[in-house]
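Undergrad: Work out the full structure: start from the sequences and follow the hints.
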Amino acid sequence: MITIKDFLTADHGRCDEYFADMEAKATESLSNAKEACEAFINETEKHFQMEERVVFEEFETKTGMTQGPTAMMRHEHTQMRGLMAQMLEAIAADNKDKFFGTTETFMILQQQHNMKEEQMLYPMVQQHLEAESERIVEMIDSLVVE
Amino acid sequence: MELNGLSIDQAPPISAPVRFFITAPLFGIIAGLLIFFSDSATLMSRFSVESIVIAHAMTIGFLGFIMLGALTQMLPVLVGAKMPNVAVVSKYSFYLLSFGLLFMIVGLLNHNSLLISFAMFGLGSGFLLMIGSMGIALKGVSNFTPTVKAISTSLVFASIIVLMGLFLLYSYVVDDIGELHTIVANIHSVWAAFGFAGILIIGVAFQVLPMFYVAPKFKSFCKKRVVWLISIGLVMWLFFTLFQEEWTLFAKLWIATFFWAFATTVWLKLSRRRRPISDVTVWYWRSASIFLTLGAFLWIFDEYFKHEYIVMVAILIGGGFIMSIMVGMVYKVIPFLVWFHLNGMGYMSIPTMNEMTNKKLAYTQFATFIGALIGFVFAFYMPELLQISALSFTFSMILLEYNVIAPMLIYKKTLQTKPDFDMSAFASK
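The listed protein sequences correspond, in order, to chains A and B.
As numbered in the numbering used here, residues 1 to 146 make up the first sequence, in order.
As numbered in the numbering used here, residues 147 to 575 make up the second sequence, in order.
Hints in this document: simulated from the structure, not taken from any laboratory.
As the structure is a prediction and not an experimental result, all values here were calculated from the model.
Accuracy of the hints is not assured; some may be wrong.
[To be verified] The calculated lysine-lysine pairs, modelled on DSSO-like cross-linking and capped at a C-alpha distance of 27 Å, are:
1. Lys365(B) <-> Lys478(B)
2. Lys363(B) <-> Lys46(A)
3. Lys370(B) <-> Lys285(B)
4. Lys46(A) <-> Lys98(A)
5. Lys478(B) <-> Lys25(A)
6. Lys25(A) <-> Lys415(B)
7. Lys98(A) <-> Lys285(B)
8. Lys96(A) <-> Lys478(B)
9. Lys559(B) <-> Lys415(B)
10. Lys452(B) <-> Lys506(B)
[To be verified] Cβ-to-Cβ under 8 Å is the rule here; a few derived chain A residues that face chain B:
11. Asp16
12. Thr105
13. Met107
Note that CB positions come from ideal geometry on N, CA and C, so glycine has one too.
TA: As structure tokens, then:
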């Protein structure tokens, strides 16, 4: 059975693929990229909700740490949601400079965020939730985005 | 498990890395001007005082400063390890290193033993304070990834080259430049280029290339073994240099092969990256690959020519490979830090990363920098190229300084004007 850590790490890679698709379409023309941008945002939002609604909740309940690393990760999710909204605004305004400026900022923010999760938070989550790992992976795998 | 890196309150203040980044191009400018006023014949010898001064303005002042600045920022993110008292440590070591290096430049050029002694104190304490603090941060890490191993290994090499450097400076204080000085200088330079800078760059590349460019990941063999194999090569080279000189070529081949393989891998991974964007940082990674390949081969080739080309090797590897990567990194890191810190404080109406750097100036900076390096190489055959290349190099450093300062001015202005707290739009008309 795949662990929570491996599942979420692989999901980061999947989101990166959607991101790359979106940028490839946007290089041709921004109007062509709208669908790819929405697909990328949906997948990223799903990943955030896997963490916020399931994994972080379980971790916080188990450890009692609600103001620790998960609070920081939630804060960065909010920053990234803001940038994703700006990507859609840039597409609507057909402003390529603004779009690629936003994607570049998003990429670095997201990658340093992912790195912190993969290097530090996920191993800690796995350690604390080892016994419930299978149940949690099933929950996040079947999560429906709200 | 260390979780300090996950808290914005405990992330290093923006001043910790930025003061190193702002100062680095200034030492680049000093190096460029020193080359301009030097005689090409003097610079042909690696042991002339002018060559040593210029090399250290670049290696300590430019490369060292950028590496140290970047490490203060990267350790919490890459490793989850926070340097103890990072704000204080980085501030004091910055001043110690800056004054130490200035004393070294002026002291060596004027053969002033007192200034060289001050330089020894400043550089020795500055480096050891920084490296020691990083060592303490790394000691508590439990998740020992290939990048952490590479950073740790490079810091071991850094400690040794600093101690060797102090010995070399001491030889100038007591005016005893003998055979031992030459041997230590040789080890100092090779371990600094390949052991400290080279291994650090390889370790960071494992993370950065797949992450920022969505390039294919490095193979497990590469991530797990290459740093050790290079380290073994460097120790082997040291052993042969000291005791079995006729075998040094074998160790050099060993080291050069891994660096050439790294250069090729970087090139191929960038070609297969999923992100279509090509910015100046991609150009810098590409140029670094080319210069590293040329430098590695010339380092071998040089063995057959009584080390006549060793200064050219230094230009290709120190300037073309290491400097290219550092400049490229600055273009990514500075705008991100400004955005990240402002956004973390609640400012939303801030420019994107791309809007903080002048792209045209960045490409001009790249062209003048690469042009200068090519000019320096050909100045071996056409000495008249040296001065124009030095001017081109100095100009590239001025442009880089502009592109470092511009985002910081945005940062300062935002803090002063507080655009997100401006309620005038809602005022009754």
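Undergrad: Now tell me, hint by hint, if it's right for this structure.
TA: Do the hints match the structure? See the list:
no. : hint                    : result
1   : Lys365(B) <-> Lys478(B) : holds, 25 Å
2   : Lys363(B) <-> Lys46(A)  : holds, 24 Å
3   : Lys370(B) <-> Lys285(B) : holds, 20 Å
4   : Lys46(A) <-> Lys98(A)   : holds, 25 Å
5   : Lys478(B) <-> Lys25(A)  : holds, 23 Å
6   : Lys25(A) <-> Lys415(B)  : holds, 21 Å
7   : Lys98(A) <-> Lys285(B)  : violated, 42 Å
8   : Lys96(A) <-> Lys478(B)  : holds, 19 Å
9   : Lys559(B) <-> Lys415(B) : violated, 39 Å
10  : Lys452(B) <-> Lys506(B) : violated, 43 Å
11  : Asp16                   : holds, 5 Å
12  : Thr105                  : holds, 5 Å
13  : Met107                  : holds, 6 Å
When each numbered hint is compared with the structure, violations occur for hints 7, 9 and 10.
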